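**Q** Take a look at the letters that make up each chain.
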Amino acid sequence: GAGVSQSPRYKVAKRGQDVALRCDPISGHVSLFWYQQALGQGPEFLTYFQNEAQLDKSGLPSDRFFAERPEGSVSTLKIQRTQQEDSAVYLCASSLEGQGGETQYFGPGTRLLVL
Amino acid sequence: DAKTTQPTSMDCAEGRAANLPCNHSTISGNEYVYWYRQIHSQGPQYIIHGLKNNETNEMASLIITEDRKSSTLILPHATLRDTAVYYCIAARYGNNRLAFGKGNQVVVIP
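If you read the protein sequences in the order shown, they are chains G and C.
Quick note on numbering: the working numbering labels position 46 of the first sequence as 46, and the sequence is numbered without any gaps.
Numbering-wise, the working numbering comes out as the position in the second sequence, counting from 1, plus 1000.
Hints were generated in silico from the structure; no laboratory data involved.
Just to be clear, a hint being listed does not mean it is correct.
What the hints assert, rightly or not - Simulated crosslink set (DSSO-like; lysine-lysine; CA at most 30 Å straight-line): (1) C:Lys1102 / G:Lys57; (2) G:Lys14 / C:Lys1069; (3) G:Lys11 / C:Lys1102; (4) C:Lys1102 / C:Lys1003; (5) C:Lys1069 / G:Lys11; (6) G:Lys57 / G:Lys14; (7) G:Lys78 / C:Lys1069; (8) C:Lys1102 / C:Lys1069.
Unchecked claim - Between beta-carbon pairs, the in silico distance windows are: (9) G:Ser27 / C:Gln1045: 38 to 46 Å; (10) G:Asp18 / C:Ile1039: 43 to 51 Å; (11) C:Tyr1093 / G:Ala53: 34 to 42 Å; (12) G:Glu68 / C:Gln1045: 20 to 28 Å; (13) G:Asn51 / C:Arg1092: 45 to 53 Å; (14) C:Val1107 / G:Gln84: 46 to 54 Å; (15) C:Gln1042 / G:Val12: 17 to 25 Å; (16) C:Thr1056 / G:Leu115: 25 to 33 Å; (17) C:Lys1102 / G:Lys78: 23 to 31 Å; (18) G:Gln17 / C:His1040: 27 to 35 Å; (19) C:Ser1025 / G:Leu115: 21 to 29 Å; (20) G:Gln41 / C:Asn1019: 22 to 30 Å.
These numbers come from a predicted model, not from an experiment.
By construction, the Cβ of each residue, glycine as well, lies at the ideal position given by its N, Cα and C atoms.
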């Protein structure tokens, strides 16, 4: 079946621009996660949804980062007034029931470059 | 969650078993050991997880020492497609945040 998809796959933004990154999780998956991966580093947790509820946003680096999942399926990660340090791969993952510790299925990521 | 320590990188011979070590000396009793891998330009992929018993699936085997302070991921017959960064993660089963660390860059050599 279809896996997690993300769009766009690549995004170039000028410093100060707003960007929106989309994640389509596996159909029926309750939980959705966003991670940020800087070059040469492992992914770092940003935020977590169970259905439409954002249960943990402690990893968001600043108030310029905002995530939503209004209908409990597709999610959007928005970054306002992008800065060069926001350049990274943004990964989305979903899991079936959100019980914690379940397998997380990752999308291919969106590579963001802020000039 | 407990910190894990892995080699920065290692090479493995194609067709041989690849043994990937991980230390987690401060792991607590309710923390599982998870392994994910990330092939270049792809998202991480789940491999296997375990608590204290050895586990095996179609991808790999996980051997956890009796004191649970270390574990080894075994890829039984490494192929070139197994070249990836491998992440060993210790996490409580109720924890949704995966702490990846820098991982172990494994290169399978022909």
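**Q** If a hint holds in the structure, say so; if it does not, say that too.
**A** Each hint tested on the structure:
no. : hint                             : result
1   : C:Lys1102 / G:Lys57              : 22 Å, holds
2   : G:Lys14 / C:Lys1069              : 47 Å, violated
3   : G:Lys11 / C:Lys1102              : 24 Å, holds
4   : C:Lys1102 / C:Lys1003            : 12 Å, holds
5   : C:Lys1069 / G:Lys11              : 42 Å, violated
6   : G:Lys57 / G:Lys14                : 26 Å, holds
7   : G:Lys78 / C:Lys1069              : 40 Å, violated
8   : C:Lys1102 / C:Lys1069            : 19 Å, holds
9   : G:Ser27 / C:Gln1045: 38 to 46 Å  : 19 Å, violated
10  : G:Asp18 / C:Ile1039: 43 to 51 Å  : 31 Å, violated
11  : C:Tyr1093 / G:Ala53: 34 to 42 Å  : 20 Å, violated
12  : G:Glu68 / C:Gln1045: 20 to 28 Å  : 27 Å, holds
13  : G:Asn51 / C:Arg1092: 45 to 53 Å  : 22 Å, violated
14  : C:Val1107 / G:Gln84: 46 to 54 Å  : 31 Å, violated
15  : C:Gln1042 / G:Val12: 17 to 25 Å  : 21 Å, holds
16  : C:Thr1056 / G:Leu115: 25 to 33 Å : 48 Å, violated
17  : C:Lys1102 / G:Lys78: 23 to 31 Å  : 28 Å, holds
18  : G:Gln17 / C:His1040: 27 to 35 Å  : 28 Å, holds
19  : C:Ser1025 / G:Leu115: 21 to 29 Å : 43 Å, violated
20  : G:Gln41 / C:Asn1019: 22 to 30 Å  : 25 Å, holds
Hints 2, 5, 7, 9, 10, 11, 13, 14, 16, 19 from the list above are not met by this structure, while the remaining hints are.
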